[in-house]
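Take the sequences, apply the hints, and build the full model.
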Amino acid sequence: MASALATQIAHEVNPQNQVGCMLAGGNFYPYSCKPEDVWAALEKDRENLFFIDVQARGAYPAYSARVFREKGVTISKEPGDDEALKHTVDFVSFSYYASRCASAEMNANNTNAANIVKSLKNPYIGGQRMGMGYRSTGPAHHHEHDVRPLPETAVPGGKWPGAPKTW
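If you count the sequence shown from 1, position 163 lands on 173 in my numbering, and the numbers rise without skipping.
Treat the hints as calculated values from the structure; they're not laboratory data.
Please read all numbers here as calculations on a predicted model, not as lab measurements.
Mixed in with the good hints there might be a few duds.
[Unchecked claim] DSSO-like, lysine-lysine: derived pairs with alpha carbons at most 30 Å apart:
| hint | residue 1 | residue 2 |
| --- | --- | --- |
| 1 | K81 | K96 |
| 2 | K44 | K81 |
| 3 | K131 | K81 |
| 4 | K44 | K131 |
| 5 | K44 | K128 |
| 6 | K81 | K128 |
[Unchecked claim] Simulated DEER-style distance windows between Cβ atoms:
| hint | residue 1 | residue 2 | range |
| --- | --- | --- | --- |
| 7 | E80 | M11 | 21 to 27 Å |
| 8 | S42 | S86 | 39 to 45 Å |
| 9 | H21 | K44 | 41 to 47 Å |
Glycine included, C-beta positions come from ideal geometry on N, C-alpha and C.
Following this line, the structure appears as structure tokens:
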């Protein structure tokens with residue numbers, strides 16, 4: 011709601027304003043070809059992309075009702091909330107730090123906190139950056155645009171192109 015209301019205000023103040031949201035990270039690759047790992051990667055992607063789905067589409071994704079039910083979460087809505095959510099962002103930015111894998115067999119013994127998000131190390135890449143598997147082509151493999159037809163931009167290190175160098 012906060013994003014939608016802020017976007018609404020920004021557009022009312024100046025219709026030329028561009029408001030975006032940011033995803034820290036990227037896609038989860040299945041750790042193996044096992045169907046359970048493929049499903050685990052899909053579930054982790056959904057978890058990771060949930061808030062961007064709401065901000066970019068203007069509604070909760072279809073799968074959210076199931077997730078809320080499974081986790082015992084109840085969303086309380088005020089009259090007009092669904093309409094307010096339709097004030098969507100104009101672009102999606104993302105910052106890529108590490109390649110991440112998901113498996114049905116993830117546990118504390120085989121995971122790392124790649125970009126604060128628990129994941130498995132990708133055994134197919136050798137690059138290391140800040141102790142995490144890094145793949146130079148990783149940012150190109152984001153699939154957010156497939157489901158959110160908005161402009162996207164990579165924001166290296168959380169800084170947009172042209173940002174002051176003092177940040």
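Hint-by-hint comparison with the structure:
Distance check on the hinted pair: K81 and K96 sit about 25 Å apart at the alpha-carbon level, within 30 Å; holds. Annotation: proposed proximity of K44 to K81 holds, straight-line Cα distance about 25 Å (limit 30 Å). Restraint check for K131 and K81: the C-alpha separation of about 27 Å stays at or below 30 Å, so the hint holds. Simply put, K44 and K131 have alpha-carbon atoms about 17 Å apart, close enough for the 30 Å limit, and the pair holds.
Proposed proximity of K44 and K128 is supported: the alpha carbons are some 20 Å apart, at most 30 Å. Proximity of K81 to K128 is assessed by CA-CA distance (about 18 Å); at most 30 Å being required, the pair is judged to hold. Take E80 and M11: their Cβ atoms lie about 23 Å apart, and the range 21 to 27 Å holds. Taking 39 to 45 Å as the suggested C-beta distance range, the pair S42 and S86 conforms, at roughly 40 Å.
Checked against the hint of 41 to 47 Å, the pair H21 and K44 passes, with Cβ atoms roughly 46 Å apart.
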